[in-house]
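From first to last, the protein sequence lines are chains A and B.
Be aware that the first sequence starts at 1, since it is given in the working numbering, and climbs by one per residue.
Be aware that the second sequence starts at 1001, since it is given in the working numbering, and climbs by one per residue.
Be aware that one or more of the hints could be misleading.
Unchecked claim - Pairs of lysine-lysine, BS3-like flavour, derived with a Cα cap of 27 Å:
| id | chain 1 | residue 1 | chain 2 | residue 2 |
| --- | --- | --- | --- | --- |
| 1 | A | K281 | B | K1115 |
| 2 | B | K1036 | B | K1056 |
| 3 | B | K1036 | B | K1076 |
| 4 | A | K127 | A | K69 |
| 5 | A | K44 | B | K1037 |
| 6 | A | K55 | B | K1036 |
| 7 | B | K1064 | B | K1099 |
| 8 | A | K195 | A | K247 |
| 9 | B | K1076 | B | K1099 |
| 10 | A | K44 | B | K1099 |
| 11 | B | K1099 | A | K55 |
| 12 | B | K1064 | B | K1036 |
| 13 | B | K1115 | A | K34 |
| 14 | B | K1056 | A | K44 |
| 15 | B | K1036 | A | K34 |
| 16 | A | K44 | A | K69 |
| 17 | B | K1115 | B | K1076 |
| 18 | A | K34 | B | K1076 |
| 19 | B | K1076 | A | K55 |
Simulated from the structure, these hints should not be mistaken for lab results.
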Amino acid sequence: MTPGEVLGERTHDVFCERAVLAAINELADFSHSKAMADLVTAGKWRQEMLMALGKVAPPRYAHFIGRYKDDADPNVRSGVAAGLGLIDNDAVSIPVLVQLLTRGTKPDDLAVKWQAGESLITIGKRKNGDTVRRRLGDLLQDPDRITVTIASRALAMLGDARGLAKLRDLTGDPDVRVRQDAVLSLADAPDTGSKEALLRRLGDDSLSVRASAMHALGALRDPSVVPALRQALQASIEYERELERRKDRGESLEVLREKYGLGAFELRQTADQAIAAAQSKP
Amino acid sequence: MGRHHTMHRLLLALVTGVVLLGGSAARGQDETTTVKKLVRDLENRDWDVAHGAAEKLSEYPRFKAQIVPALVDALKIREWNRCSGDMRDAIARTLQALKAREAVPALLELAASGKTIDHECVE
């Protein structure tokens, strides 16, 4: 597993597992909205049908999609977030997406928050960029730093400098999950101004943050980072051996995994991919 | 001499044209026969035969008018000796490849029916 694969999983296509639903999503038009909504009401294929509705249904269906924002199933809430990013009714979509982005601190909620951020980026790029940026800017003060990270990433992807600045700050956060997500977000919005912050993370306490920093530095496509990446790989392999020895001496594997990222990523593969990316033409 | 040459060329072109047209018509006839056979195979209860036919039919978009109703019928009424979920999956892929918008009501009906649309055999 590499950080690039983690990012790839976040954009996993829910339709790829069932061609029947993929065909509906691909071939349906607005005239099928009622039948798709009926499936959702009947509790069948909710995530997929909410997304398909978002793609083709008339704007008034945003209310229908939003009705499922409190569903117990996080996949359904992800479907709501995705559908609202596609439908053309920003007056309804933006407030619900902001709610979905700010709510929940459980691991299951992360995919919902992430999808809400993605949909806000889509809406912000399509139109109403100022409204979306203002709402996201308000979230930079949110007490939940995962929310702040996702909002910052969305701002950065919409070209707002506050997003990149906040993400660089968050790379030094005490919470390892926040540091890792901030670093990965900087890979999605590559900017040479992030280079110093990312180079510092090559020496992070957590191997997962180090690997994420390698990936993000590769995304800058700046060949001058290659020596630092090679050095970081050697140092990280040494560090990994030291953590393995601590495990053998009886330290908790769970702590070593969560706090220090032991075994989270294939270090050599990550570094090789990052070096290849750094040496590729922008 | 020149006139004789021109006549000869014209005759050659005419013969070539007839041969090409004949070949194309024969190929068209072959394809019609193949599609008819594949549509028949789709009705076979044997999964291997029917699944192969469902996949192969996507290669004949020219015959969409004949293929789509057969695929829709299969979705609605057919059952196979095994792997019915995979069979429906293959049919849906072919409908998508043929851009068969007219099949959407049948696909929605299937999604509502509770019949399996999950993979059981094919990865």
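Tested hints:
1. A:K281 with B:K1115: Violated, because 50 Å separates the two Cα atoms, which is more than 27 Å.
2. B:K1036 with B:K1056: The hint holds at about 12 Å.
3. B:K1036 with B:K1076: Holds, at roughly 20 Å.
4. A:K127 with A:K69: Satisfied, since the Cα-Cα distance of roughly 23 Å is no more than 27 Å.
5. A:K44 with B:K1037: violated (36 Å)
6. A:K55 with B:K1036: This hinted pair is violated, its Cα atoms lying about 36 Å apart.
7. B:K1064 with B:K1099: It holds: about 9 Å lies between the C-alpha atoms, which stays within 27 Å.
8. A:K195 with A:K247: violated (33 Å)
9. B:K1076 with B:K1099: holds (19 Å)
10. A:K44 with B:K1099: Roughly 24 Å between the alpha carbons, so the hint for K44 (chain A) and K1099 (chain B) holds.
11. B:K1099 with A:K55: holds (17 Å)
12. B:K1064 with B:K1036: Since the Cα atoms of K1064 (chain B) and K1036 (chain B) sit roughly 12 Å apart, the hinted pair holds (cutoff 27 Å).
13. B:K1115 with A:K34: holds (21 Å)
14. B:K1056 with A:K44: Answer violated: K1056 (chain B) to K44 (chain A) is near 30 Å, above 27 Å.
15. B:K1036 with A:K34: violated (36 Å)
16. A:K44 with A:K69: holds (16 Å)
17. B:K1115 with B:K1076: The hint holds at about 10 Å.
18. A:K34 with B:K1076: It holds: about 20 Å lies between the C-alpha atoms, which stays within 27 Å.
19. B:K1076 with A:K55: holds (26 Å)
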